[in-house]
Every structure is written in structure tokens, then in C-alpha cells.
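Residue numbers 113 to 379, in my numbering, belong to the letters of the sequence shown in order.
Everything labelled a hint here was simulated from the structure, so no lab data went into it.
Since the structure is predicted, the reported quantities are computational estimates derived from the model, not experimental observations.
Ideal Cβ placement from N, Cα and C applies to all residues, glycine included.
Some clues are possibly wrong.
Result set (DSS-like, lysine-lysine): computed pairs, CA atoms no more than 27 Å apart in a straight line [to be verified]:
no.	residue 1	residue 2
1	K188	K314
2	K188	K267
3	K314	K325
4	K340	K325
5	K314	K332
6	K199	K240
7	K202	K164
8	K239	K199
9	K188	K199
10	K338	K314
11	K194	K338
12	K198	K162
13	K198	K169
14	K202	K267
15	K330	K194
16	K165	K338
17	K202	K165
18	K239	K202
19	K325	K260
20	K260	K286
21	K286	K188
22	K164	K340
23	K188	K332
24	K162	K267
25	K198	K260
26	K164	K198
27	K194	K239
28	K194	K267
29	K340	K330
30	K165	K198
31	K286	K240
32	K194	K240
33	K330	K162
34	K338	K188
35	K325	K188
36	K188	K198
Derived Cβ-Cβ restraints for the label pairs, each shown as a range [what the hints assert, rightly or not]:
no.	residue 1	residue 2	range
37	Q249	Q155	38 to 48 Å
38	E151	K340	34 to 44 Å
39	K202	E158	34 to 44 Å
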Amino acid sequence: MLLKQISMLLCASFISCMAFAHSKINTNDTNNIMDAFLECDNQFFEKLAKYKKPFSKYVTLTTDNDVTYIPVESIKDTNRNKVMFKKPFKYHGLTITGYQNIYISTSSSGEFYYWGFIIDNNLEDAKKALNNVNWLQFNFEIYTANAKMLDLNSKPPVWQDNPHSIDMAFPRRKTIEKALYLETITEEQSRLTCSIQGDLNKEVLYATRPDIKSIEAKIKTEIDEKLKAIELLQVQQEQDNQPNELQTISENTSDLSEIGKKQEDEN
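Produce the entire structure from the sequences given, and follow the hints as far as they go.
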């Protein structure tokens with residue numbers, strides 16, 4: 113009996129240890145992804161590729177041209193630029209529940225790309241939990257960190273600290289900025305995002321956001337398919353309308369013949 117009890121105890125302990133080890137591995141995977149995300153560069157996408165299988169438990173990932181990323185329906189549409197996770201995960205005690213990918217184009221201040229995570233914790237709790245980041249006040253509802261600037265006129269252009277990262281200060285011409293932001297969504301929800309913005313060129317954009325190249329290619333394919341569908345519809349409509357047009361021409365010709373006949377009879 114004693115041996116049986118010891119055997120059962122060891123078995124339960126082994127299962128418990130295995131479950132703990134599995135949980136620990138999962139936590140390390142998500143921690144590695146989030147740690148890389150805080151750098152606001154292509155390391156985030158490299159980690160998504162490395163931990164694609166375990167991270168797919170939380171959200172479906174896409175891989176195009178050797179780039180792994182979290183897809184959303186549309187980066188341009190406010191109502192379709194986010195995806196909620198199948199289940200949340202923890203990072204520094206925070207509850208991560210979704211991902212957002214935002215694109216904004218302006219006529220005078222360049223392009224703005226934001227990508228990052230939805231957190232089911234309020235702003236101040238999120239700031240305290242993310243104490244590995246040196247947060248600065250951006251405005252009353254937003255904190256910022258790791259602000260960098262790239263002057264395209266420099267030879268060679270290199271990322272430097274940006275002391276002018278303040279609210280309502282937009283990037284100058286021939287400059288690109290990037291930063292980490294923590295902002296309020298609701299009283300009990302916040303958003304952690306990276307941004308790259310300003311007078312963007314494709315080389316710099318794709319180096320930081322390799323996913324955008326694949327997203328743009330998909331958008332172009334969708335547009336081309338829609339244009340082809342419209343062209344086919346127009347051709348079909350023209351073909352459908354052709355008999356009616358021929359009938360109208362025939363009727364008009366018949367009418368003209370009748371008029372001509374009447375004129376001959378009158379003469």
C-alpha cells in the first residue's frame with residue numbers, strides 16, 4: 113500500500129512538474145516576442161517566425177516571403193485594423209488580449225504606421241508593470257519611450273535619439289521618426305504600440321516593418337482582382353445590351369423605311 117501511495121505521489125508530482133515546465137516554456141516564448149517588440153524594429157517579426165507554433169495558440173499568424181506577422185483585415189480601415197486573440201497571455205503581469213495594425217496618410221506630415229498590442233489593464237497599471245521601459249510623458253493620456261529620428265539628409269543616415277518627441281510636433285521633411293507609445297483606450301484598457309512615421313521611403317519602412325511589403329502586395333492583388341471583375345462585368349453588360357441595341361437600330365431603320373415609303377406615295 114505504501115509503495116502504491118509513493119508511486120501515485122511521484123506520478124502526480126511528475127505530471128505537475130511537466131505542466132509547470134510547459135507553462136514556463138510558453139511564458140518564455142511570449143516574453144521573448146514582447147521583449148523584441150519593445151525595440152520597435154524587425155526583431156519582433158523574427159521572433160514571431162521563431163515562435164510561430166506556440167504563439168499560434170493565441171492568434172493565427174501569416175508567413176509571406178519569409179516574413180511572419182499578425183494579419184488584420186485592413187490597416188487603413190479603423191473598424192477592421194485589429195484582431196482579438198483566441199485567448200489572452202500574460203506579460204509582466206499584464207493581460208494581452210489583441211493586436212492592432214494602423215496606417216494613416218496625411219497630405220502635409222507624411223505617413224504614419226502604428227502596430228502593437230491591446231492590454232486589459234489601465235494606463236497607470238500598465239506603466240508600472242512595464243518598469244523595464246523609461247517612460248516619458250507625451251500628454252495626459254499617453255506615455256512615450258525610446259524615441260528615435262532618422263535624418264535622410266545625413267551621410268549616412270543613422271537613427272539618433274529624438275529629443276523633440278512631444279505632442280503635436282510632427283516630423284520635418286526628409287526626416288523619419290519612430291517611438292514606443294503607451295496610451296489609454298478606456299478606463300480599464302490601454303494600448304502598447306510602436307510607430308514609424310514621417311517622410312518615409314520604402315527602404316527604411318521595409319527594414320523596420322518587413323510585413324508591410326507583403327501587406328501592400330496583397331492589397332495590390334485585391335485591387336487588381338476587383339478591377340478585372342469590374343471589366344468582366346462591363347463586358348458582360350455590353351454583351352447583354354447588344355441585342356437591345358440591335359433591335360433599336362432595326363426598329364429605327366424600319367421607321368425610316370416607312371417614312372420613305374410614305375414620301376414616295378405622296379409624290
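Hint-by-hint comparison with the structure:
1. K188 to K314: 18 Å, holds
2. K188 to K267: Violated, because 33 Å separates the two Cα atoms, which is more than 27 Å.
3. K314 to K325: Holds - the C-alpha atoms of K325 and K314 are around 9 Å apart, at most 27 Å.
4. K340 to K325: 23 Å, holds
5. K314 to K332: 16 Å, holds
6. K199 to K240: Given that 27 Å is the threshold and the Cα spacing comes to 24 Å, the pair holds.
7. K202 to K164: 17 Å, holds
8. K239 to K199: Holds - the C-alpha atoms of K199 and K239 are around 23 Å apart, at most 27 Å.
9. K188 to K199: 25 Å, holds
10. K338 to K314: 25 Å, holds
11. K194 to K338: 24 Å, holds
12. K198 to K162: 20 Å, holds
13. K198 to K169: 7 Å, holds
14. K202 to K267: Distance ~43 Å between K202 and K267 Cα, so the pair is violated.
15. K330 to K194: 17 Å, holds
16. K165 to K338: 34 Å, violated
17. K202 to K165: 18 Å, holds
18. K239 to K202: 15 Å, holds
19. K325 to K260: Holds - the C-alpha atoms of K260 and K325 are around 22 Å apart, at most 27 Å.
20. K260 to K286: 14 Å, holds
21. K286 to K188: Roughly 24 Å between the alpha carbons, so the hint for K286 and K188 holds.
22. K164 to K340: Cα-Cα ~35 Å, so violated.
23. K188 to K332: It holds: about 14 Å lies between the C-alpha atoms, which stays within 27 Å.
24. K162 to K267: Violated - the C-alpha atoms of K267 and K162 are around 34 Å apart, more than 27 Å.
25. K198 to K260: 34 Å, violated
26. K164 to K198: 15 Å, holds
27. K194 to K239: 22 Å, holds
28. K194 to K267: Violated. K194 to K267 sits at ~38 Å, over the 27 Å cutoff.
29. K340 to K330: Holds - the C-alpha atoms of K330 and K340 are around 15 Å apart, at most 27 Å.
30. K165 to K198: Given pair K165, K198 holds - Cα atoms ~14 Å apart, limit 27 Å.
31. K286 to K240: The given pair, whose Cα atoms are some 36 Å apart, is violated under the 27 Å limit.
32. K194 to K240: 25 Å, holds
33. K330 to K162: 23 Å, holds
34. K338 to K188: 18 Å, holds
35. K325 to K188: Between K325 and K188 the Cα gap is close to 15 Å, so the pair holds against 27 Å.
36. K188 to K198: 23 Å, holds
37. Q249 to Q155: 38 to 48 Å: Distance hint for Q249, Q155 is violated at roughly 27 Å.
38. E151 to K340: 34 to 44 Å: 41 Å, holds
39. K202 to E158: 34 to 44 Å: Given a distance of about 22 Å, which is not inside 34 to 44 Å, the answer is violated.
The structure does not agree with the numbered hints 2, 14, 16, 22, 24, 25, 28, 31, 37, 39 stated previously, though it agrees with the rest.
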